[in-house]
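Engineer: So the protein lines, in turn, are chains A and B. Note that our numbering gives residue 15 to position 15 of the first sequence, counting from 1, and the numbers run on in steps of one. Note that our numbering gives residue 542 to position 106 of the second sequence, counting from 1, and the numbers run on in steps of one.
Careful, some of the hints might be misleading.
[Stated by the list, open to error] Not close to chain B: a few residues of chain A, all C-beta gaps over 10 angstroms, as computed:
hint	residue
1	28
2	80
3	81
4	132
5	209
6	304
7	374
[Stated by the list, open to error] List time: in silico EDC-like cross-link candidates among lysine to aspartate or glutamate, alpha-carbon distance up to 20 angstroms:
hint	chain 1	residue 1	chain 2	residue 2
8	B	441	B	585
9	A	58	B	565
10	A	120	A	89
11	B	549	A	344
12	B	549	A	384
13	A	131	A	146
14	B	503	A	89
15	B	503	A	286
16	A	195	A	80
17	A	58	B	486
18	A	244	A	415
19	B	503	A	291
20	B	503	A	415
No lab work stands behind these hints, which were simulated from the structure alone. From the three backbone atoms N, C-alpha and C, an ideal C-beta is built for every residue, glycine too.
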Amino acid sequence: MNAPHTLSRWSQPGSSRIPFWAYTDEQLYQRELEKIFYGPHWCYVGLTVEIPNLGDFKLSHVGERQVVMVRDRVAPKDRDSDHGIRVVENRCAHRGVRFCQNPQGNARSFVCPYHQWTYKLNGDLAGLPFKDGVKDGECVNGGMPDGFDLKDHGLTKLRVAVLHGLVFATFSDAVEPLEDYLGPNVLPWLDRIFKGRQLTLLGYNCQRIPGNWKLMMENIKDPYHPGLLHTWFVTFGLWRADQKSRMVMDEHGRHAVMISRRNEGRQNAAVTEGVTSFKADMALHDDRLLDVVPEAWWKVDDPANPGSDITPTVTMITLFPSLIIQQQVNSLSTRHIVPRGQGEFDFVWTHFGFFDDTPEMTRRRLRQANLFGPAGFVSADDGEVIEFSQAGFAQWGESGKTLCELGGTGTEMTEHMVTETLIRSMYAYWKKVMAV
Amino acid sequence: MSLEKLLLQQEVDQLYAAYAAALDEKRFDAWPEFFVEDGRYSLQARENHDRGLPLALMDLESRGMMKDRVYGITQTIYHGPYYTRHVVSPAQVLGVEGDVVKAQANYAVFRTKPAGISEVYNVGRYIDEIVRTPEGLKFRLRLCVYDSEMILNSLIYPV
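Bound conformation, chain B alone (with noise of 0.2 angstroms):
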């Protein structure tokens, strides 16, 4: 593997490192700031994206639409209170066009509730596009598809 790719692999994974730390340490105010401004979150059920239907469980087309979530989840959607810890795979760097790197890895996120055990809150892949900005590497569109055939009740959190 050519120095270049290395240390593109390393920036990639220390970008997810950081994103899955940012949630899991609850502090969801740094999570827009992951996606440039017109950036895009979905999170979206395999089937639907296997079966090519386009409805997503949360589809956010900005960061204005993500500080809208953060937003609801700090401040308007009632819920049991709980925390997530993130397992993420090393990135499989897929390819450069142009300005945008193409990647994708798998994550598992557990969720705890106060006096619970640990259970799977969700798990799938994520497929992104990420860009280089003065302030480092941004979600262009961080793509979440979930083999979790069923939400454990509520999900609240992006993962």
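Here chain A stands alone, though its shape is the one from the complex (with noise of 0.2 angstroms):
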């Protein structure tokens, strides 16, 4: 539908008009794999907690590309330096075959289906059939050629970095480190949840959704929406734009983190009036769905007022490309975004709770579930509307654009949530990795 040509076409400087073909051209997307998901990035994989045994291994994406997630064997010398988390291509390198088909399990060695080819768990290849060839008699039928080296035919083996539990991998030799990819201003905010603490799995939700993969991170960058959309967080105070709220971004502009307190007072007429989500006689058959209990540590220093310390109730991030990690009252989970094409991608929800969990705070995690995912009283309307957002993008071609301007043009940093800071601040990254 696009010419190639008119990729370089943007109608503004900046990044507050993004064209319909960022979302809608094929070609465009295949670059975004190449420079975005398979190059200089991290990307999410999935929860050490997921692999608790050595041998556990998960199926994952990076991108399109499917990998394995595996917990190896660590030599005790190497026990301070090496997590033991390998992540290889579910690829093998003898013809192809993606040789792993159960979701996860547990393994010794990966073995091909087709030829078995043997892998160890670390990707390098242990064996084949006859690498030697077969004795016929005296002579030797076949085999692979002179100079055939084991060592040159392993699996293809991600770089792996693990921060606090959370599995990150990449196919790029150029990226830095994990925690400079992440930056200074976005780390203590995984720290508050996840420094020091065990998790404990609590499971899946799955949903495919019709929709370019950048609009479900523009929708976790996107404070405008949650207390227009979402009737229950402008009803019960979840998610308010008069709210105390804090936009937070890396350097870059790539990754970002909302944070926001809920209000304990039901009404605040300023925000309210109009909103047609607002259902001000609104109350709940039974209230323990937001049965919302404070945990000790939602609160932290101020990262950006040291001496004083701040609780808020939400925190939503965004690590691009493809992780969403939410706290939401005392519902947590990471969403893991593996794209499909320019317009489509699969969201896995993945809830988690904590080691030390009494089975009262186990369960009130799993009631306010009902609020989020596919089929949540908040987020199911996300997928809709991104749903609705593709089909107005594919019906107008090359010169539409959205137009992303509340709080101005400028990709600041904000001490509020009335602004669209944060999706103009990933343009201006994306539009630099991109070359467009």
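Please assemble the complex out of the two chains, which come individually in their own frames, going by the hints.
Structural biologist: Shown next as structure tokens:
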């Protein structure tokens, strides 16, 4: 639909008018895979708690490439420096077969079913049948050529970084270390949730959303919509335009944290007047659905104001390109974006709690999970509007563009939520990476 | 099969048919009434169920929570319109323990949007605990374990 020459045309300087072709062009999407997902970026793969034992593995994705996350043996001398988590591509070095078909399990080694090439958990090729040929009397038939070395034919091994139980991987040799990649503005918000804590895995919810993958990142960088689209947020004060809020990002503008604090009171007329999703009379039949209990870890030293503390009730963290981490009151999850072409992505929610949670807190987290996910009181509408966004882009073509100018056209951090600055910032970075 | 068993089979199948009809006809207010007051409705991915992971897609622990879901369906959750069609297998009545009937059935629910083709919305198995009340049989538990690995964008209506 869009000829390549149009890709350098933005109707305005800056990044506040995003062209529709950024979401609909197939060639551009292929370049995104190369430059972003397979380029110098760290992509989320999973949680270490998903593979607790030696040999435990789980399939995941980096971009469209399927990978295996596995817990490998670690020599005693390396225990301080090696977390033992390996990520290898699920593609046999021989004939390209996706050798692993079980979504998760435990393995001593990986064996390709086609010709039984066998790999160690770290991806090294351990052996293959008939490497040295087959004896027939005096002569030897076949076999691999002279100079064939097992060392040259392992699986594709990704670089792996583990931060507080979150596993990231990259195909790139060039990307900076993970902590530098995330940057000092974002790290304290990951520390707040994860540092020093043992997680428990509560389970998964998976959905396939017919929209461009960036729309999901935008959705969680967009503090404008939650108090408007989501009745539950505005009516119960979980997210509303008058709340004490902060928009944080890394120096490149690619990662972000939306931080906010729940209102105690029910209504502030200035932000609910005319908002049709606000239901003044709405009350729950069973208020256990919103049985919020504050947790000690919510309160931290304020990274931006040394000497004072801050107690957010919600932090929504977007780590470019493919991970969202949610704390919304007592509900905690990672959400992994797996792109499937320019017009579709899979969205994998992994809900977790903490090892020292009481049974009551575990139940509370599970109960609040009713708000989130593909059927959630809140997030089901996000998938729906993403589908309708993509449909709108597709019907117009190359001259169409979105308008993201709430709070101006700049890309600065703010101490309020009446802004689309985080979306503009992501596209400023994206423009640079994609050279469009 | 004894007459008593035949009658129970008939009753459970009728319950299943009435439940499916209420949802397909969008009589959502009737849906919580298929449960006892502290009944539970849980819709869970097979992966979580098989691995003993407690997370469910929808997990409603009382008729009150189900009413809150109905309010969400009809008033608060923005979604494109569609209708559903349930196809439910005959019940497999597993046994009667005290006053609880244990039964299960396979289900397929199709979704059709305006001007759209019919799609498979959700496929799985009902695992039920049913009790007899003055108003007839009601669910104490309806656990829907779905095979569908991917929800087609969103799931708004219960299955």
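Engineer: Against each hint, give a clear statement of whether it holds in the structure.
Structural biologist: Status of the hints after comparison with the structure:
1. 28: 23 angstroms, holds
2. 80: 32 angstroms, holds
3. 81: 32 angstroms, holds
4. 132: At roughly 42 angstroms from the nearest Cβ of chain B, residue 132/A sits farther out than 10 angstroms, so the non-interface label holds.
5. 209: Check fails; 5 angstroms does not lie beyond 10 angstroms.
6. 304: Since the minimum Cβ distance to chain B is about 34 angstroms, residue 304/A lies beyond 10 angstroms and the statement holds.
7. 374: 4 angstroms, violated
8. 441/B to 585/B: 36 angstroms, violated
9. 58/A to 565/B: Roughly 34 angstroms between the alpha carbons, so the hint for residue 58/A and residue 565/B is violated.
10. 120/A to 89/A: 13 angstroms, holds
11. 549/B to 344/A: Holds: residue 549/B and residue 344/A sit about 19 angstroms apart, inside 20 angstroms.
12. 549/B to 384/A: Distance ~13 angstroms between residue 549/B and residue 384/A Cα, so the pair holds.
13. 131/A to 146/A: 10 angstroms, holds
14. 503/B to 89/A: Not OK: residue 503/B and residue 89/A at ~47 angstroms, beyond 20 angstroms, violated.
15. 503/B to 286/A: 9 angstroms, holds
16. 195/A to 80/A: Roughly 17 angstroms between the alpha carbons, so the hint for residue 195/A and residue 80/A holds.
17. 58/A to 486/B: With a Cα-Cα distance of about 16 angstroms, the restraint between residue 58/A and residue 486/B holds, given a limit of 20 angstroms.
18. 244/A to 415/A: Holds: residue 244/A and residue 415/A sit about 8 angstroms apart, inside 20 angstroms.
19. 503/B to 291/A: At roughly 17 angstroms apart (the allowed maximum being 20 angstroms), residue 291/A and residue 503/B satisfy the hint.
20. 503/B to 415/A: 38 angstroms, violated
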